[in-house]
Every structure is written in C-alpha cells, then in structure tokens.
Amino acid sequence: MIERPGAAGRRGPGSGALDRTISDVPLNSVYGPDDLAGLDVATDLAWPGEYPYTRGIHRNGYRDRLWTMRQFAGFGNAAQTNERYHFLLEHGQHGLSVAFDMPTLMGYDSDAPQARGEVGKCGVAIDSLADMEVLFDGIDMGDITTSMTINGPACIALAQYIAAAEKKGIPRAKLGGTIQADILKEYIAQKEWIFPPRPHMRIIVDMIQFCTVQMPKWNTISISGYHIREAGSTAAQELAFTLADGFAYVEACTAAGMDVDSFAPRLSFFFNSHIDFFEEIAKFRAARRIYARHMREKYGARNPRSWQLRFHTQTAGCSATAQQPENNIVRVAFEAMAAVLGGTQSLHTNSMDEVLALPTEKSVEIALRTQQVLAYETNVTNVADPLGGSYFVEALTDEMERQAESYFAQIAEYGGVIEAIEAGFFQREIADASYRYQRSIETRDRVVVGVNAFAHEEETENIDLLRIGIEMERAQAAAVQDLRGRRDDAAISRSLERLQAACRDPKDNLMPHLIDCANAYCTEGEIVEAMAGVYGRYVERAVL
Amino acid sequence: MNDRPLRVVIAKAGLDGHDRGAKVIARALRDAGMEVIYTGLFQTPEQIVQTAIQEDADGIGLSILSGAHMTLFPLVVEQLRAQDAGDIVFFGGGTIPPEDARRLKELGVREIFTPGAPLQAIVDFVRSECGKRRTPA
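Chains as they are written, first to last, in my numbering: chain A, 4 to 547; chain B, 947 to 1083.
Read the hints as simulated data drawn from the structure, not as lab findings.
Treat the hints loosely; a few may be bogus.
Chain A stretches covered by chain B per the calculated footprint, using a threshold of three residues with CB under 8 Å from any CB of chain B [what the hints assert, rightly or not]:
| hint | stretch |
| --- | --- |
| 1 | 105–113 |
| 2 | 121–127 |
| 3 | 190–199 |
| 4 | 233–246 |
| 5 | 355–361 |
| 6 | 436–446 |
Calculated Cβ distances over 10 Å to all of chain A for the following chain B residues [stated by the list, open to error]:
| hint | residue |
| --- | --- |
| 7 | 953 |
| 8 | 996 |
| 9 | 1001 |
| 10 | 1002 |
| 11 | 1025 |
| 12 | 1027 |
| 13 | 1053 |
| 14 | 1056 |
Chain B is faced by these chain A residues, among others (derived, beta-carbon under 8 Å) [as the list claims (entries may be wrong)]:
| hint | residue |
| --- | --- |
| 15 | 117 |
| 16 | 324 |
| 17 | 325 |
| 18 | 326 |
| 19 | 454 |
| 20 | 468 |
| 21 | 543 |
| 22 | 545 |
| 23 | 547 |
Built from N, CA and C at the ideal position, the CB exists for glycine as well.
Using the sequences and the hints given, assemble the complete structure.
Dropping the structure here:
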C-alpha cells in the first residue's frame, strides 16, 4: 500500500474550511485505495442501471435521454403566469412547474385578511377552478407534464387540475406530472402546513391511492429535501430527513393495505444542489443506494422500479448572494453540473436575481441557457456516472450513507418521523446546523465571494427587478368575491358537506369529493375551512 | 437607569414560513448577551407590537422573505404609533430590494438588513440603537 502524502495548507480567509465540507464532513487532502477498502464493487456500486443504483438508474446515463429542464415559474395572477408558460414552452422548456403564492400555499383565498400583501408575490394566486382554467389556457394538458409545488392544499390543487383538464376533454388518465404533496417536510422545514400531521398523512395516502388507480401517468408525491437544505440543514441531514420522510409515506401506504409495488414506482424525490460540488454528488449517489436497499430489503419491494430513486434537483437558493448578483450565474452553473454528475432526472436552475425578487425574463433565460450549455456543450453527458470509482467520491458517498443511517437510528428512537417532529428534533438539528454555518462565514473560516471577501465598497444597484403591484392583489380579491356571487350556492354547500362527511370517514377516499368541490367552483379557502372543521389546524411550538 | 440586558423581539409575520434567518439572528443576539423573544410564525402586526409592549422590549426585528414587506413593515410602524410605542427600535431583514429598503426607512423602519449582512453588524446596530433608547437624551 502506498503511503498517503501529508497535507500542508494555505493560510488566510477560507483556510479554516480546507479540511471539511460545507456540511462539516472531515476531509483528507487526498484519497487513495485504502479509502475504498470496505467497498464491494459488485454489491455497493454495480453498473449504472443496476441495483443498488449508486451509479444511476439508467445503464446509458444521459445518452438515451437528457434530464428534463423544468423551470419553476409563477407570479401575479393566472393570466400573467399563463403568458410566462407560453414563453418558456416556446423557448424549449420541456415541462411546466407551477409556483403558487403564499395564500394559495396556506389555504387562504386572495381576499382573506391573512393574505394581505402576499397575493401573487411568491407565485401565482389560484383561488378556484376558474383560475386554474386561465392558468392552462391554450396549453395542451394532455401533451405537457406539469409539476405543482404545493403541499398543505395539494389535494385541492390536484382536484382543480383534474377538473380543468376534464373540462377541456382530457381524461385524468392522460395527465402526466407531479404534485409535491410532501407534508412531512413542511413541519420539518418549510412551514406551509394546514392540518395536524396525522390527518394530513391520511390525505396523502388517499391521494396516492387515488392516483395509483386513476392516474397512471401521474407521480403521486415528490418527497423533498430542497426546503430542508434551504432551512439550513447539512447535506447529510437533507439526505437522511428526506429519505426518512419517504419511508414514512411507504409505511403509511402499506399500513393502509396497499402493496408496495403498486405505488412505489411513482414516488419521486426532490433535492437541493448546493455549492460544495463533490459533497452534493456523493449525496445524490448515496440517496439512490440507501433507497434501493431499504425498499428491497426492509419493505420487500420486488419490482426494480420500486427500488429506483428518481429525483428532481434545484440549485441552492440559499447559496445565492444579494451582493454582486451576477456571480450567482456562476454558482448555479457549478451546482447544476453537480446535479447532472449525480444523475438527476430533472433540473431547475435558479436565476441570478431570485435573492432580490422574482426573476425577470432575461435572468430566467440565462438560467435555462446554463442547462443547455451543460447538456449540449460540456460533454459531461457522454458517459454514465463519470465519477464512479473515484477514491474521493466513493469514500464521501459511503460517509453520506453512514451519517444517514445514524440519523435513521435517532429518528427510530423517537418512535418515527411524526414523533420526532412533535419533539422538535428535526427543527433543532437544522437550526443548530444553520447557526454553525453562519458563524463560519462570520469568522471568515468560509469565504462567500462578494460577501465576506472580494466585496465592493459600494454595491451598485442597477439590476432590473420584476415587481408585483398591490393593484394585482386588489383585482384578484375582487375576482374571487365576484366568483362567489355567481355560483350555485346550494351546489356549493352540498359538495362541501359531502367532503366533510368523507373527512370523518377514513374508509372514504377524499379525492372524488374534492373534484366535485372544484367543479362546483368552491374556493380553496372554503374547502380548507370545511376540512379544518373536522381536522383542526396545526400550531407549531417554535424551536429556537 | 436600567441595567437589565437589552430585550429584543424577533418576529415573523404574514404567511411566510422562512424562519432560518430569524432564528440565526435570534441566536446571535442571544449569544451577544441580549434577551430574545422569538414570536414564532404567522404573527399579525398587531400581535407583534403587543408582544413587544408586554415584554417591555427595546427593539423589534421583523423578518420577511415572501415579498410582502411593503405591506407588513408599514403596518407594524402604524401599530407602534397607534399603541404609543414609537420609541421601540424597529428594524428588519429579508429579500428586500434596495429601493424598497430606502422607502421603508423613510417610513420609520430604522434599518433593513439583506442577505449577506454580517451578524456582527446586526448585533452592533441593535446594541447601539436599543442602548440609546435606554439612555434618553
């Protein structure tokens, strides 16, 4: 065995971070054969396309099919967002991705007092089927795939989507896409919940059951680490907490009597791609291996599709800086490349100005072009898992798996994910990690270019920003009030009463009732109110 | 003269669940020896100001990353005036474009910190401004 060379290091800003990743995983200065001593190539790596899929789920990597370039978009009202969708589709984007505004995400109509100042700001305002119809106007819903990022009221948005498509004559069985619907990470990190965890889990099981039977092209849930990472977690926490959530859904569905192979092939994941290049690649590779092993060995899945972790990636919003925002273009390019070398199935690249406001058309175009340069010019797509066998990447992949398994053991000690949420475990772990990270920037152990090093004396502020005016909020609030005046009130009450009855009856699937409510043009706020009448609303005990 | 530590309310308003920044600031102020009351999420401007008054706080730090800052910051300023608490040092942070930050400062928000602001700068600001409140001229 050759001896490992020693490591001297440079001094100065950032030197405190030389011997560890951004997540504080210790690093050697060089890796060699002894770092792979515990690795069994046949069972731990295999070939791309083979169990445990460490090297990817496709034998030919991206040769047969590139990742899907999917830019998340939504702002203002449905008509404005519809216009942006037409723009994106005309510029070569493959699928749509809906960003909803905060009131929609939290289950409030645009005229609710809680919605003031928030309408159309972070995404598009969708109060009822009427808005959903405008959102997809002129778009062939049977031809595109749509990803909807919504969680608490996901069942309502899905019902509206189905209703909008069926009004155009497109049957639900033809609809392709994904809805996030991952409520567990809301309690852990993103905080967009409505009901308490246990009834929310029932809603999700109902959605998965419904889609399994009636929507063969729909990915039922997108289990998300993105927001966990944005909230300040480490890479290993993102990996472990997300997979733990995924396994909790698998357990909930099997407990409801579903066969694991009936639903698992349509579960998908959503990860963050942060700035620590190799750590991210290791995280993606470890995710696939851990998932495959658990699905096969612990949950007894027999269909290889159930073992394959498929994932969407978004570059890290939290790595972007308000200072010298053009530098974010470069960060995004590196993060996107990490996602591709990690084998992502689809990708959103952030726009440089998102740290300041919603992105302009120009910056969205640069972000999409970044993916196109990566896909068509760099040739990183020519060979499947090009980093497989790298001493460093394999050692780091092992380390990620080891840390994730250690977290699984801690979560099990609490009694499961919901119990750990109730105990504030995840929230505390994330808050600790995010504070440690912020401190390391403060002490200049870590360098953030343009922020704590290489900063300009005076920031120039000449970048164009997209603004959503208050007029939009007033118009949207007026529109939903106008809608309420034009409906068949008897049909509204009838459909809401049936929905409430279904909420009380765990054997009745909620989805058909929600579709009825959508078709009657019940507003989202009305539907949520009816459901909260049975389930109550969640209140978090804040953890500092 | 009052020797007890400076007391600051760190608040989240509206429907915005992004609490990473608020929690980091809360811990940094606490580590700097101040007493910090974190309101938790989804507070109304009325609730935030009431909390500050009840807790006899020297300052309020409001964090908004949802784009609703031009609505919610002015509502807190208004509440502070309405409840005769205009001497409480009101500052904030979040994804707030520079032009909006200028307008908010004109409206009476003492300082706006945007992503990348050093923790030490925030701690220094709070110590100095809230300290002035303790020793009226």
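Status of each hint after checking the structure:
Under a criterion of three residues with beta carbons nearer than 8 Å to beta carbons of chain B, the stated coverage of the stretch 105–113 of chain A is upheld, 5 such residues being counted. With 3 residues having a Cβ less than 8 Å from any Cβ of chain B, the stretch 121–127 of chain A passes the three-residue criterion, so the hint holds. Requiring three or more residues with a Cβ within less than 8 Å of a Cβ of chain B, the coverage given for the stretch 190–199 of chain A holds, as 3 such residues are present. Counting residues of the stretch 233–246 of chain A whose beta-carbon sits less than 8 Å from any beta-carbon of chain B gives 3, enough to reach three: the coverage restraint holds.
Restraint check on the stretch 355–361 of chain A versus chain B: 4 residues with Cβ-Cβ distances below 8 Å, three needed, restraint holds. Counting residues of the stretch 436–446 of chain A whose beta carbon lies closer than 8 Å to any beta carbon of chain B gives 5, which meets the minimum of three for the stated coverage. Its beta-carbon lying about 15 Å from the closest one in chain A, residue 953 of chain B satisfies the requirement of being farther than 10 Å from that chain. A cut-off of 10 Å between C-beta atoms confirms that residue 996 of chain B is not in contact with chain A; the least separation is 17 Å.
No Cβ of chain A comes within 10 Å of the Cβ of residue 1001 of chain B; the nearest lies about 15 Å off, and the non-interface call holds. Annotated as non-interface, residue 1002 of chain B keeps its C-beta farther than 10 Å from every C-beta of chain A; the closest such distance is 20 Å. In this structure residue 1025 of chain B is separated from chain A by more than 10 Å, as the shortest Cβ-Cβ distance comes to about 14 Å. Separation of residue 1027 of chain B from chain A is adequate, the least Cβ-Cβ distance of about 19 Å exceeding the 10 Å criterion.
Distance check for residue 1053 of chain B against chain A: the nearest CB is about 14 Å away, which clears 10 Å, and the non-interface claim stands. Residue placement check: residue 1056 of chain B keeps its beta carbon more than 10 Å from all beta carbons of chain A (closest about 20 Å). Residue-level restraint check for residue 117 of chain A holds (minimum Cβ-Cβ distance to chain B is 6 Å; threshold 8 Å). For residue 324 of chain A, the suggested interface contact is upheld, since its CB lies about 5 Å from the closest CB of chain B, less than 8 Å.
At its closest, the beta carbon of residue 325 of chain A sits 5 Å from a beta carbon of chain B; the interface hint therefore holds under the 8 Å criterion. A least Cβ separation of about 5 Å between residue 326 of chain A and chain B falls short of the 8 Å threshold, and the interface hint therefore holds. Taking 8 Å as the C-beta cut-off, the interface hint given for residue 454 of chain A holds, the closest approach to chain B being about 4 Å. Because the smallest distance between the Cβ of residue 468 of chain A and any Cβ of chain B comes to about 5 Å, under 8 Å, the interface hint for this residue holds.
Hint on residue 543 of chain A holds. Least Cβ distance to chain B is approximately 6 Å, under the 8 Å limit. Look at residue 545 of chain A: its Cβ gets to within about 4 Å of chain B, closer than 8 Å, so that hint holds up. Look at residue 547 of chain A: its Cβ gets to within about 5 Å of chain B, closer than 8 Å, so that hint holds up.
Figure legend: structure checked against the earlier numbered hints; every hint is met.
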